[in-house]
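Asks: For reference, the chains in residue letters:
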Amino acid sequence: MIQKKICMLGGFGVGKTSLVSRFVHSIFSDTYLTTIGVKIDKKTVDLGRERVDLILWDIHGEDDFQKVRMSYLRGSSGYLLVADGTRRASLDVALELHEQARLTVGHVPAILAINKADLASTWDIDPVALQALDLPVVRTSAKTGSEVEETFASLARAMNVT
Amino acid sequence: MSHEPLRDLLPALEIAAFQRRGDGAFLTLAEPPPWFRHLAADASFPFLGHILEEATQFWGSSEPGRREWGPCAEVDGTGHEFHYRVIALAAGGSQYLLFQLDTATDQMREILQRVRDQALAAEQRKG
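Here the protein sequences come in this chain order: A and B. Residue 135 in my numbering is what sits at position 135 of the first sequence, and the numbering runs on without skipping anything. Residue 110 in my numbering is what sits at position 110 of the second sequence, and the numbering runs on without skipping anything.
Check before you lean on any hint, since a few could be wrong.
What the hints assert, rightly or not - If you want a taste of the chain A side facing chain B, the calculated C-beta under 7 Å gives, among others:
1. M1
2. K4
3. K5
4. G13
5. I27
6. F28
7. V38
8. K43
9. V52
10. G75
11. S154
To be verified - Lysine to any residue pairs mimicking SDA-like chemistry, simulated, CA-CA at most 20 Å apart:
12. K43(A) x S26(A)
13. K67(A) x E14(B)
14. K42(A) x T105(B)
The set of hints was computed from the structure by calculation and includes no laboratory data. For each residue, glycine too, the CB sits at the ideal point set by N, CA and C.
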């Protein structure tokens, strides 16, 4: 079976681990548990004509205390950038990581997930600013599961044709 | 060389150690410690992904020394999260792959958890 590596990139507390947990294990916890280093998980997705093993690298969030080492991205077929819709600064972090990732792995497929769609009424991110970005943007909720499966499937399909 | 002393020493140091044979297969040097048995049921290490590819490149370079990856996080059967590091070693003409439990990172995580909880709370107060 084909294996594809996907990296999860974003600031701390945006929901990277929660998105992976929702996608792989169909579970969600409201308790925030910070990630150190990398958690590796796997899920098989059915893309119609073939099945692909997605190897998910859930990399710790970027902040002043922990910088993301781009060496984690080696061998990635794509990456999911994650920002927290309720924290505007987390979008800047995700976009900065996007620039760094491009320098490391080139123009592989990437999607920006604005997470916490269940809190959309308190979002702090300008939708107009999102339209100007040069990458697909989706609104996800790890809590409700909204758009989570679809986002990983979209990324898998994009990787499978590159 | 006999690996007899290593059989007690390596698990006591929370290290799972393997020697890489010429055909690329891994031979365990000692019974892995309990934390590692949860991680890998056999010595093929599919969870390592590109780490194993990079380690193979390192061994192929025939240079002595070590390459290290991690920390990697994993959850045991009781839901407890732990961390480990992966080390590729070339020494004395032999190639080794080591997995070492990283308790220092466990402690660091507790500190960062508190710092980030406070940072998130401060952001919410500002917002």
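Asks: A separate judgement is required for each hint: does it hold in the structure or not?
Replies: Cross-check of the supplied hints:
1. M1: With a minimum Cβ separation of about 11 Å from chain B (threshold 7 Å), the hint on M1(A) is violated.
2. K4: Result: violated, 10 Å to nearest chain B Cβ.
3. K5: Check passed: Cβ of K5(A) comes within 6 Å of chain B, closer than 7 Å.
4. G13: holds (5 Å)
5. I27: violated (11 Å)
6. F28: With a closest approach of 15 Å, the F28(A) hint is violated.
7. V38: holds (6 Å)
8. K43: With a minimum Cβ separation of about 13 Å from chain B (threshold 7 Å), the hint on K43(A) is violated.
9. V52: violated (14 Å)
10. G75: holds (3 Å)
11. S154: Where the cut-off is 7 Å and the nearest Cβ of chain B is about 22 Å from S154(A), the hint is violated.
12. K43(A) x S26(A): The hint holds at about 11 Å.
13. K67(A) x E14(B): Violated, at about 27 Å.
14. K42(A) x T105(B): Cα-Cα ~23 Å, so violated.
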